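Asks: One-letter residues, chain by chain:
Protein chains: 2
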Amino acid sequence: MPLSDSITKALAAIVGADALLVDAADCWPYGYDNSRRQSLPAAVAFVTNAAQVQAVVQLAQQQGLPVTARGLGTGTTGATVPERNGIVIAFERMNRILRIDPANRLAVVEPGVINDNLQRVLGEHGFFWPPDPTSAAVCTIGGNLAYNSAGPKAVKYGTPRENTLSLAAVTGSGQLIRTGVLTTKGVVGYDLTRLIIGSEGTLALVTEATLKLTPIADAKQTLRATYRDIHAAADAVAAIMAQPITPRALEFMDAAAIEMVRQFSDLGVSAETGALLMIEVDGPEQCVSSIADTVAAAARNPGLLELSVAREREQIAALWRTRKALSPALRHVAPKKINEDVVVPVSRIAPFIDGLERLAREHRIRIVNFGHAGNGNIHVNLLVNPDDTDEMARAALCLDGVFELVIALGGTLSGEHGVGLEKRDFVAREIDPPALALMRAIKAQFDPNGILNPGKGLPLQADN
Amino acid sequence: MPLSDSITKALAAIVGADALLVDAADCWPYGYDNSRRQSLPAAVAFVTNAAQVQAVVQLAQQQGLPVTARGLGTGTTGATVPERNGIVIAFERMNRILRIDPANRLAVVEPGVINDNLQRVLGEHGFFWPPDPTSAAVCTIGGNLAYNSAGPKAVKYGTPRENTLSLAAVTGSGQLIRTGVLTTKGVVGYDLTRLIIGSEGTLALVTEATLKLTPIADAKQTLRATYRDIHAAADAVAAIMAQPITPRALEFMDAAAIEMVRQFSDLGVSAETGALLMIEVDGPEQCVSSIADTVAAAARNPGLLELSVAREREQIAALWRTRKALSPALRHVAPKKINEDVVVPVSRIAPFIDGLERLAREHRIRIVNFGHAGNGNIHVNLLVNPDDTDEMARAALCLDGVFELVIALGGTLSGEHGVGLEKRDFVAREIDPPALALMRAIKAQFDPNGILNPGKGLPLQADN
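Chains as they are written, first to last, in the UniProt record's numbering: chain L, 1 to 464; chain U, 1 to 464.
The following block holds chain L by itself, in its conformation from the complex:
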């Protein structure tokens, strides 16, 4: 339903006429994300400061209109799809880096800053912000905070929840709050910072974030280890995680993923390769080689086929080409694959992959797995053709089995993509009823009228 003239005028008065879209044709591109779901917002408001966010939320509250926050729409779960229409608050123009403070290891940023842009500027100061999703070149810090998105470096350096000190945010009742502290310790009041991180714009809209920075290590080295089968690779992962040096990346590809890449590019791995690990270590220049050797020793076991250590920049780039060839190959084979990002305890990666193979056979679905092995965060890709309704029905059953398996192994349904629309129907399998009831009760305190991204993140109830 289009907005009334008076609401449109009020919105234009807040953000400016050149920062407001109301025509359906203009609004459509702000109604989808990487989940390929789409829904038409009634208006898109390009905010540039906290006062505007507050004013738009207050207006929406008065009018009972849903508000959906949007970074650059790289999310994969539909969390930014304005399912119930209403107003999309687009943060892409609210993208200033406000302060970089190396002595205090912090940066203050607006939510629309693109991850890679921040990393580039931080790099000039010798720092980085650990979360680095694959979409870093096109995703925003606000989005990273909304989903607690991490990426490969999380195994050593943590997720946004471990790397954010303080937030400014506008709640669903239109109040601007400050959470957290500017220091790495602080225990006054309850931790609202981490509560808002990962809440997918359902509790409050972040207008400013104070990020905890990490100094860039002097040097890094990359190892590639190939194994006869997933069990040998999983043993290596457990052995690496049980010794004192934590790698800065510990990525894996299963046999199906290797086979797929092999069809499109020369991997340089032997035909019998059943699993592959990419391992990256970092540290002081003078000891990074010995650090790499220590991790290599942990990676060796009877199932190891080949282990290469790349110490120079070009060698490192060559090794990562394997891992990077995967996404184009996947897109080629199944442009509309279902990509899940479940997590299992590291010690259960092997039984999990075994179980996935069983499910793939049972439901006749091709499944390709890769991901962040050091966190047990596995990207499970169901290669399906959405036009094949029979295959899609089997995929739905298969996915159900995947989630069941994850929970049975003590895992979680999402490591870094979040819940959004895609997984809300499965949340109750993981979270028990009293905890879920508390989450709903907390949501009602932040957003009494239920206008912030309604229906996302938690299971639907009869009354929504």
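It should be emphasised that the hints constitute simulated quantities derived from the structure, not laboratory data.
As the structure is a computational prediction, the values presented were derived from the model and not from experiment.
Certain hints may be false.
As the list claims (entries may be wrong) - Below 30 Å or equal to it, Euclidean Cα-Cα: the simulated BS3-like pairs (lysine-lysine) are: (1) U:K156 / U:K220; (2) L:K220 / U:K156; (3) L:K337 / L:K324; (4) U:K220 / L:K156; (5) L:K156 / U:K156; (6) U:K324 / U:K220; (7) L:K324 / L:K336; (8) L:K220 / L:K324; (9) U:K220 / L:K220; (10) L:K156 / L:K220; (11) U:K324 / U:K156.
Dock chain U against chain L, hints included.
Replies: Below, chain U alone, put in the same frame as chain L:
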């Protein structure tokens, strides 16, 4: 007011008669903590499992009785003092280490486990849990979680909020909930784990915690650097924190602290020493010396007087003797000192110490400072005699000035001791009204009848 016979009987039925105290003389020792405040509970129930905790809370809820959780009473803020009487739930007998899982880097423990006992057992597996308050030998994991207590290693390894994966806890409405995940990534539902950590038993009582473990580094070395004045030492702290190697401890003592230790033991530092840093680094055996050298280079500046590196166990112990001599010296001079644990941004340590010297002169209070410089977490000790009412009045004004200064410098009132009773009147200086209102609203969801540790952690309101 003593409990009625029927309540006493009901409590005995839950925990057993040998696990219940109701006589005032027996209850007194469970009515105080290290704040030297004291209040008599009506009963002390020694629980041993979650079902008992749940049953006691449900009974308390029916009867409208306050419930105060207690580890071993080492807190310094009165958070475990049962100000409004009621039932103390003592967790000291609920102290089993349930599981240690090195492959998944986690341990599952009951809240009454003593920190040092856990560390000893973890050490046999090559791991540790980073939080290590000075009271580690006598404090419980449940208490560490209640206050988000950290200690020196937090500068490199974080606080309980960064080192806890999952909790089981009983809310104020008597429901047992599970929060978080068993993995290092997970973003399904809101983060209740971190919300409960640091909430001082006001939201829920932890009955089980799944802790994230860190592997023990092969080797460590200790450096001691002395400086002409606090400015030179603060410059060194900033330089150390701006380079890539994060020390595992970065502790400091100001001139007054050094002078005090000097009266009781031979420090082996020159008379002109105005500030001292204790720095510890860890890493692989083969590179820990070069790591120490890199940090030593960052610690050097024109104000440096002397820098010693201890590479052997006995040398390391000798250096730490300086730091460890401090507490006995302080106890000797002012057995009833006021010990605050404020935090300021690292770059503001020097202006903060300058400001403290000004306040000390102005209010004629002797102040001694030391603490965790890498986090900006300064233990500010006001050396007072509680029997001197005039001095205590000046100390109250001085403390007010300390808190004002901390907030003005962008800091926080507590780094690891929490709020309890001691700081509740100051919380509103740090947290803005809408955030405070949200915290109260969240409290009301977890604990609708307000029975869990009433009056602690947040400012009192007219109706409590």
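Asks: In ascending order, which of the hints set out earlier in this document are inconsistent with the structure?
Replies: none
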